[in-house]
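**Q** For the sequence shown, the positions run 1 to 90 when full-length UniProt numbering is used.
Don't read these hints as lab results, they were simulated from the structure.
Glycine residues also receive a C-beta, built at the ideal position from the N, C-alpha and C atoms.
Please note: incorrect hints may appear among the correct ones.
The calculated lysine-lysine pairs, modelled on DSSO-like cross-linking and capped at a C-alpha distance of 30 Å, are [what the hints assert, rightly or not]:
#	residue 1	residue 2
1	LYS52	LYS2
2	LYS2	LYS30
3	LYS52	LYS30
Okay, the calculated beta carbon distance ranges per label pair [what the hints assert, rightly or not]:
#	residue 1	residue 2	range
4	ASP72	LYS2	15 to 25 Å
5	PHE22	GLN64	40 to 50 Å
6	ILE76	ARG24	34 to 44 Å
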Amino acid sequence: MKNLPATAQVAAQQGAYLADCFNRMEECEKNPEGPLRFRGTGRHRFRPFRYKHFGQFAPLGGEQTAAQLPWDWVSIGHSSQWLWYSVYAR
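Take the sequences, apply the hints, and build the full model.
**A** Laid out in structure tokens, this is it:
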């Protein structure tokens with residue numbers, strides 16, 4: 001079991017993963033898709049959950065935001081605030 005950050009991003013991805021597992025449960029009982037087990041027999045019923053980090057934002061006040069995105073890309077300032085607006089504003 002991996003330690004993942006306690007964020008909504010992780011929870012949303014886990015929820016989508018579980019919904020997919022429940023929707024395909026009957027099919028995967030007949031045709032397991034996971035890797036072979038090292039101990040015991042057979043295969044896992046589902047592939048393990050994999051978290052994909054899409055980045056995070058931290059508001060700094062004064063119309064500024066810090067953004068940390070994949071590939072260790074970091075941005076601070078007004079341009080990050082506009083990026084935040086493009087992601088979250090509706």
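**Q** Could you run down the list of hints and mark each one as holding or not?
**A** Hints and how they fare:
1. LYS52 to LYS2: OK: LYS52 and LYS2 at ~13 Å, within 30 Å.
2. LYS2 to LYS30: Status holds; Cα separation ~28 Å.
3. LYS52 to LYS30: holds (28 Å)
4. ASP72 to LYS2: 15 to 25 Å: holds (20 Å)
5. PHE22 to GLN64: 40 to 50 Å: Holds - the Cβ-Cβ distance for PHE22 and GLN64, about 42 Å, lies within 40 to 50 Å.
6. ILE76 to ARG24: 34 to 44 Å: For ILE76 and ARG24 the Cβ distance comes to about 42 Å; the hint holds.
Going down the numbered hints, you'll see the structure goes against none, and every one checks out.
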